[in-house]
Amino acid sequence: MKKAFNIGLIAFAVLTYLVLIGLPTRLEGAAQPVLALLLALFVYAVLRGQAKELGRGALLQNGLVIGLVAGLLLVLEVGFFTGLLADGVKIQPVFDKIVPLNMAALLNVRAGTIIKGETSIVAYAILTAYLAVAGLAGTLLVLFTRSNTAGAVRSVHIPGGRWLTILLPFALFAFIYYLGLDGVNTFGNDKNIVRLLIVLVATGAGLFSLRAAEDGIEKLIVSALLAAALLALPFVLNQFQNSVMNIVFIFVMMGLGLNIVVGYAGLLDLGYVAFFAIGAYVYAFVAAPFSSPYISALLTGMGISPASPLLGYWSAIPLAMLTAAIGGVLLGIPVLRLRGDYLAIVTLGFGEIIRLFMLNLGDLTNGPRGLLQIAQPTLFGVAPASLTSHLDAQGWIFLLAIFGSALVAFVAIRLNDSRLGRAWVAMREDEDVAQATGIHLVQTKLLAFAIGATFAGLAGQLYAARQINIFPENFSLFVSIDALALIIVGGMGSIPGVVLGALALKGLPEVLRGVDEYRIVTFAVLLIVMMIVRPEGILPSARRRRELHSEEMAAPVDKDEQLEGGRA
Amino acid sequence: MEKQSLSKTLIRLFGITVVALVIWRVVTVGLAEGYPASFWISQGINGLVLGGVYALVALGYTLVYGILFMINFAHGEVMMIGGITGFFALQFAAAQGWMEGSTAVVVAALLFILLAGMLGSVVTGVTLERLAYRPLRRAPRLVPLISAIGASLFLQYSVLLIFGVSPHSYRKPDIIAGGIRTGDVFIPYTGLIIFFASILLMLSLYLIIQRTKLGRAMRAVAEDKDTAALMGVNVDAVIVATFVLGSALAGAAGVMLGFHNTVIKFNSGFIPGLKAFTAAVLGGIGNIPGAMFGALILGMIEALGPSALGIPTEYKDIIAFSVLVLILIFRPSGIFGEILSEKKA
Chain P
1 MKKAFNIGLI AFAVLTYLVL IGLPTRLEGA AQPVLALLLA LFVYAVLRGQ AKELGRGALL
61 QNGLVIGLVA GLLLVLEVGF FTGLLADGVK IQPVFDKIVP LNMAALLNVR AGTIIKGETS
121 IVAYAILTAY LAVAGLAGTL LVLFTRSNTA GAVRSVHIPG GRWLTILLPF ALFAFIYYLG
181 LDGVNTFGND KNIVRLLIVL VATGAGLFSL RAAEDGIEKL IVSALLAAAL LALPFVLNQF
241 QNSVMNIVFI FVMMGLGLNI VVGYAGLLDL GYVAFFAIGA YVYAFVAAPF SSPYISALLT
301 GMGISPASPL LGYWSAIPLA MLTAAIGGVL LGIPVLRLRG DYLAIVTLGF GEIIRLFMLN
361 LGDLTNGPRG LLQIAQPTLF GVAPASLTSH LDAQGWIFLL AIFGSALVAF VAIRLNDSRL
421 GRAWVAMRED EDVAQATGIH LVQTKLLAFA IGATFAGLAG QLYAARQINI FPENFSLFVS
481 IDALALIIVG GMGSIPGVVL GALALKGLPE VLRGVDEYRI VTFAVLLIVM MIVRPEGILP
541 SARRRRELHS EEMAAPVDKD EQLEGGRA
Chain D
1 MEKQSLSKTL IRLFGITVVA LVIWRVVTVG LAEGYPASFW ISQGINGLVL GGVYALVALG
61 YTLVYGILFM INFAHGEVMM IGGITGFFAL QFAAAQGWME GSTAVVVAAL LFILLAGMLG
121 SVVTGVTLER LAYRPLRRAP RLVPLISAIG ASLFLQYSVL LIFGVSPHSY RKPDIIAGGI
181 RTGDVFIPYT GLIIFFASIL LMLSLYLIIQ RTKLGRAMRA VAEDKDTAAL MGVNVDAVIV
241 ATFVLGSALA GAAGVMLGFH NTVIKFNSGF IPGLKAFTAA VLGGIGNIPG AMFGALILGM
301 IEALGPSALG IPTEYKDIIA FSVLVLILIF RPSGIFGEIL SEKKA
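In order, the protein sequences belong to chains P and D. Numbered per my numbering, the first sequence spans residues 1 to 568. Numbered per my numbering, the second sequence spans residues 1 to 345.
Bound-form chain D, shown alone (with noise of 0.2 Å):
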């Protein structure tokens, strides 16, 4: 008992310490500067869509945990082609003047563009699963999570050797490019669309994996594959579909942080990988409603965090990795828990 209680006073005394500093901060810079309201309403509200964005990704992460206790490493990649693949879908779209068409056009374009970069993801997060996962499905932990990182590092290389260092930029067609101004607070159009279009996905998510028949297989397969398999499950086919459903969505998260932030890189990928990768442990890992709450919660933390805390924006990575440190170390569970904790033990 006594290396325990060691161990949890130097973690206690560490937490208490960061709190402190926290507080501290936030009351003496923060809230010194005297920000207006209607800032604070702007930065939640971008919160609101960088949290929209990160849940596509984070759910991914939790689909795929869930079902093989292994974090998809290349997950931020698979998000990053498809907004690869979204670009030049656009481009395309642009060549065809569908862009400036009339609104139904320019809709349908927007939706063929969505489900380009969704099938490149797709395509990807299937290949990835069939080469570098499927023949590491029975080894040791840091096997697969290894070919993992092998995995994520290839894809951003292969990018920028294939499509060139040149950032590729998206440009919005007229009609989303304006926004709803109200008093001092504007909301562009695109962060409406972004907000909606994943709320609608998670939904969706959410009715495959609780009404249809392979949702309960997947969930099945998730709670003990070889019982699952008894019963007559395909379990890789469970597992491919898994990974169809994850990359679909990573696919229109990255259509989407193409169409906000406007550039998509070689390595775009990886650090919103890592941000939502954070939002589905601060949710719970394999939790699905969680990584959506988490990435919500994440998105607003960025946003809002360096003007409380009256710290440079530059330092914005550093407050989502410290709340990533922070969760797993004081709730390794997430705030909601794990669905699967007890199986861990």
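For reference, chain P alone in the conformation it holds in the complex (with noise of 0.2 Å):
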């Protein structure tokens, strides 16, 4: 009883904070449901570890408690800050989100309603009452889920559920392309967002059916048909859905490197976005060159007219690889003895520093103001959005983003088998017990760096051509942390996981466009929930999964590993 209590004063602070940070502003009519639904979510995960201690009538009488504490706590305070409301007293130099708007949607009554201080004792009751049944419905759903679990059959077995699972990302793609074929090419309507989420869950839906395939020729017509289905994409959706896409599979190509920098050798580096940004930058230079003056001067010196690009497309693929490979040495060569803590903490300043660079560097960088009119990518001299009237400019980079995610991720697989894949792990696991195993730690770990930055260059120049026009704000410490937060979502060190983590945090913020400032937010609670739960990601690699949870399976933490856990 004493615990529901005081859960439930957690749930009261947890939806105080969802208050103030404005959220019932933004659901307008639906905040009442939407927050009870949150309640009965956090109900369910809090009680479900006393399910199998307590009985049916206490369960439901602690959910009950949780509800009616959290709900009488919450009108409380908003009776409090609508009385202040309505008195005229302004709250919002402190509180930003405190405005009539936002207790008005709490309590499902109008604006004017609160202003004048006409809120009816009804709607405060019909708000307790909301939250009170939220309690009980997440009980029952813990009393639910325990009947079904209480038996030996832990997972549910649905006959024929592993061909469900292949079958899946097929029936949506169709549902796409029949929804494609009625030739809606408009921007931003609900028909738009809604095939966007389909799109990207048949991409996701595809990695579980790539999975549940059997080896041998099952796995390989899954995937040929997959790979078939995922290129046609391009084709058929519209612009606005082919730039999420694109963006969604740029990042897939950086989430991989950097999958192999953090998640293979185990170097966390939160500076990536220095080399995103250097092969942005190395392709804006040769394919916009007249938009940074040092470079303008230099070519007009040299007699050379810097109005047309100096590279294609195509030929500044070394050049930008090449050029963000030489950073990530470069990186590489000062950090070769730091460790854990300290080496995040140095390429997070390297990241800064070559924003800071790109920003006050204005004669190369052309500064805050950018570079400009950044030329496309072409086939065989003509754009290929020219030619037919099914691919638009951004789908052509979206189909470019797909051949350069599947050139990585191949690289990345056979790299993970290969030699130098097992020197890295060895150097995650212990570097020195690596060396004394005679791996030469330099070269490894530069090579790790310089492979990683690659696939960011890569990225990076496809990214400029996506943009058109770059300015340093593209670069910020949030690229990083975005592709960060998408491989530890998804699964450090899978490539699957890189894919899925990209879909769900670049692709579904883009449907949730409503909701677009608690972005960070939600990712920052995400990465916190996400160690604590499930550190080794959704979609992990069968190793990781073994490591992180090693310790349940094996005999209680012995000092030894403690003091792992503590090095430098």
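Source of the hints: derived by calculation from the structure; they are not laboratory data. Incorrect hints may have been included.
[Stated by the list, open to error] Result set (DMTMM-like, lysine to aspartate or glutamate): computed pairs, CA atoms no more than 25 Å apart in a straight line:
| # | chain 1 | residue 1 | chain 2 | residue 2 |
| --- | --- | --- | --- | --- |
| 1 | D | Lys-316 | P | Glu-473 |
| 2 | D | Lys-8 | P | Glu-431 |
| 3 | P | Lys-90 | D | Glu-100 |
| 4 | D | Lys-265 | P | Glu-517 |
| 5 | P | Lys-2 | D | Asp-236 |
| 6 | D | Lys-8 | P | Glu-429 |
| 7 | D | Lys-225 | P | Asp-430 |
| 8 | D | Lys-265 | P | Asp-96 |
| 9 | P | Lys-3 | D | Asp-236 |
| 10 | D | Lys-225 | P | Glu-429 |
| 11 | D | Lys-265 | P | Glu-473 |
| 12 | D | Lys-8 | P | Asp-432 |
| 13 | D | Lys-172 | D | Asp-184 |
| 14 | D | Lys-316 | P | Asp-363 |
| 15 | P | Lys-191 | P | Glu-517 |
| 16 | P | Lys-90 | P | Glu-28 |
| 17 | D | Lys-8 | P | Asp-430 |
| 18 | D | Lys-172 | P | Asp-96 |
| 19 | P | Lys-97 | P | Glu-510 |
Source: prediction; values computed, not measured.
Reconstruct the complex from the two isolated chains, following the hints.
Written out as structure tokens, the structure is:
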């Protein structure tokens, strides 16, 4: 009982937070049901652990207490704020989001009612009832799942479930193509968003399908069909959907590169955006030489007109990759001796230094005004988008991003299985032992940095072509954090995990456009929760899963392991 | 041995190049500008004041690192929240008319603001430890660090969402608005107060750690958690106490930074946090006097560096980062040495 009361207090704190960040204002009429749903899920997550100890009655009682405590306290708080607002007190200088609209959404009344101070007691009672019911609903969910898992069968076995998993993405893709045939190519309506969501889900389902398929001919067929379905996407999606999907796949390329550095070699690199930026800027220098005052002057001095690109997209690829690789080695050399936390902070510093240079080297990078009108990639001298009405410019970039991701994924898989890949794993586990077994640490580390940077350079070049105009703000710390978050959510060291992470973290926010301002906070909570609940990610590599759950299988942690955890 | 020597040669080469470049730059540009001596003295005093603030934050990093071996990446944000809480305490005090009262009232009000800021930080720090770090105490190293990065982002953007984008401006009460002028050198009162308050706080921390029972328990836990637990030390309580002490100092730093820079906003803690971390590393992380001196040195470098190198002040953040990188490369144990270095080998 006392415990339930305390949990109710925590639930109240969470609800208060959501009100303070202005979520009800955003949700408008849906505020009460959404908050109730969140509370129900919270209750479910908290009470699930007690399901075995307590009886049905006690559980329901606990759920009700949590809901009532949270609900009554929230109503008191809302009543307090509403009272102040009705008196004309300005709360906004302190709490930015406590405005009449917010309170109105929470109580499901008009904003005018709040300002006039005419809110009836019924509105408060309804809010309390909603949350109390939510507490009960969460408990019922616990009871329901308990009766399911009480028996010997832990996972529900659906006959033919494997085939369902395999076939699901194809059904979804077929639906997308069917939708695509009606020729809708307008910008930004609801239908667009729904189709984008289906595309994201279908691609994600494809990963599970691939995993469910058995090795051999079955896997071959499934992957061939999935590849065909994916390659057809740019031709049926409209410009908005393509622009979202190409950024997703550009981040897949980046994520796969970072995955080598962080996932395989265990070097936590928080300045990864630097190489992405190098790739983008190098391509911009050769593809739009006129927009950089320094290069423009240099070329004019040499008698070359800066008006046209120096190199095409394809011939610039080796240059962008090589420059990024050199950047990787240059970063790698000074940090050779650093481990873990120190490495993270130093690389973070490097990323910021590169951004500050881009911002302040006005002659070369044109400072905050950026590099403009970057040439688009062509195919044998023609723009593919001009050949067929089915492929727009963003779709073409999407197609390139798919090919780029496939190439990078192939290299990553081969590397993982190679001698070098095993050296990385050994180094990640224990540098000293790795060295003692004959691994050349300097070489191995520098190769990890260089290869990871190369992939980022490739992604950066495509990103520059996609954006057409690039500015230093495009390359802030958040690009590094996004890339890191997506490999962590997906599963460190796992290639399907990277794709899933990119779909979830770069694709879904586009679908949920309205709540975009909560993106970073959501990421942040996701990072913490993932670390606590499932540090290996959603689609982990087999090795990683065993590592992170070894403690649960083995005896309690002994002292050596603990020291291991405390090493620099 | 060959591998070691290759790595060492590369690093040494890199270091010599950097040092040569810096010296060349100082001699040819910085000294050639011919600033008067009073300019250097004023800048040096600014550096000491900044260093005092960094020191308070750096101590938090060092304390937590000494005990948990983790970088509390969100410590800068804990400081920022102290600054924000202090701002609201200042608003409250101003609304009560305390800031225009007699000297004694104003001093009491300033103390109240400082304590409020410290309290705000302590609550944040302890909550952070409970929710984001304690469940991960036995996890592999990268796991708590990633959680800390998440916590840092969460705190920054929650403050942005809850309190809005507009920066919160501190208004100094009149009695500390002025300063002392000797010749061409001007020392603001806030600078003096910040410097001496931070020295006082550091001294009390040092006494707590060296002289009290709690301090002894903290040192024991830092040495060996399991043995300390066997000796009857409540490890969880000691870790919480560490977060309380570190956060309280950070909160004081946040309020002082608010008075010094006059504004506090959601990302005010990030860069100072990184710099304080630099300072902690500079002095040898885990080493308490080291963190204080490291911070003062870093503050000086940052204040004098841009003029000495003849580069625009926008690059002063780059100088601090470069110092961090150079220190980690050439002397990872810091100037004064890590107290705990033998355990990490």
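Cross-check of the supplied hints:
With a C-alpha separation of about 19 Å, the suggested pairing of Lys-316/D with Glu-473/P holds against the 25 Å cut-off. A distance of roughly 17 Å separates the Cα atoms of Lys-8/D and Glu-431/P; the hinted pair therefore holds under the 25 Å criterion. Our distance criterion of 25 Å between C-alpha atoms is met by Lys-90/P and Glu-100/D, whose separation comes to about 24 Å. The suggested pairing of Lys-265/D with Glu-517/P holds, with an alpha-carbon distance near 17 Å, which does not exceed 25 Å.
Taken as a hint, the Lys-2/P and Asp-236/D pair is honoured in the structure, with Cα atoms around 23 Å apart against an allowance of 25 Å. Taking the CA atoms of Lys-8/D and Glu-429/P, the gap is about 23 Å. The hint holds against a cut of 25 Å. The hinted pair formed by Lys-225/D and Asp-430/P meets the criterion: a straight-line CA distance of about 23 Å does not exceed 25 Å. Between Lys-265/D and Asp-96/P the CA atoms are separated by roughly 13 Å; this keeps the pair inside 25 Å, and the hint holds.
Restraint check for Lys-3/P and Asp-236/D: satisfied, since their Cα atoms lie roughly 21 Å apart, inside the 25 Å limit. As the CA atoms of Lys-225/D and Glu-429/P are separated by approximately 23 Å, the hinted pair is consistent with the 25 Å bound. About 19 Å separates the Cα atoms of Lys-265/D and Glu-473/P, which keeps this hinted pair within 25 Å; it holds. About 16 Å separates the Cα atoms of Lys-8/D and Asp-432/P, which keeps this hinted pair within 25 Å; it holds.
A distance of roughly 23 Å separates the Cα atoms of Lys-172/D and Asp-184/D; the hinted pair therefore holds under the 25 Å criterion. A hinted pair counts as satisfied when its Cα atoms are at most 25 Å apart, and Lys-316/D with Asp-363/P qualifies at roughly 20 Å. For the hint pairing Lys-191/P with Glu-517/P, the CA-to-CA distance comes to about 23 Å; that is within 25 Å, so the pair holds. Simply put, Lys-90/P and Glu-28/P have alpha-carbon atoms about 21 Å apart, close enough for the 25 Å limit, and the pair holds.
Under the criterion of a C-alpha separation no larger than 25 Å, the hint pairing Lys-8/D with Asp-430/P is consistent with the structure, at around 20 Å. With a CA separation close to 24 Å, the supplied pair Lys-172/D and Asp-96/P stays within the 25 Å bound. The suggested pairing of Lys-97/P with Glu-510/P holds, with an alpha-carbon distance near 23 Å, which does not exceed 25 Å.
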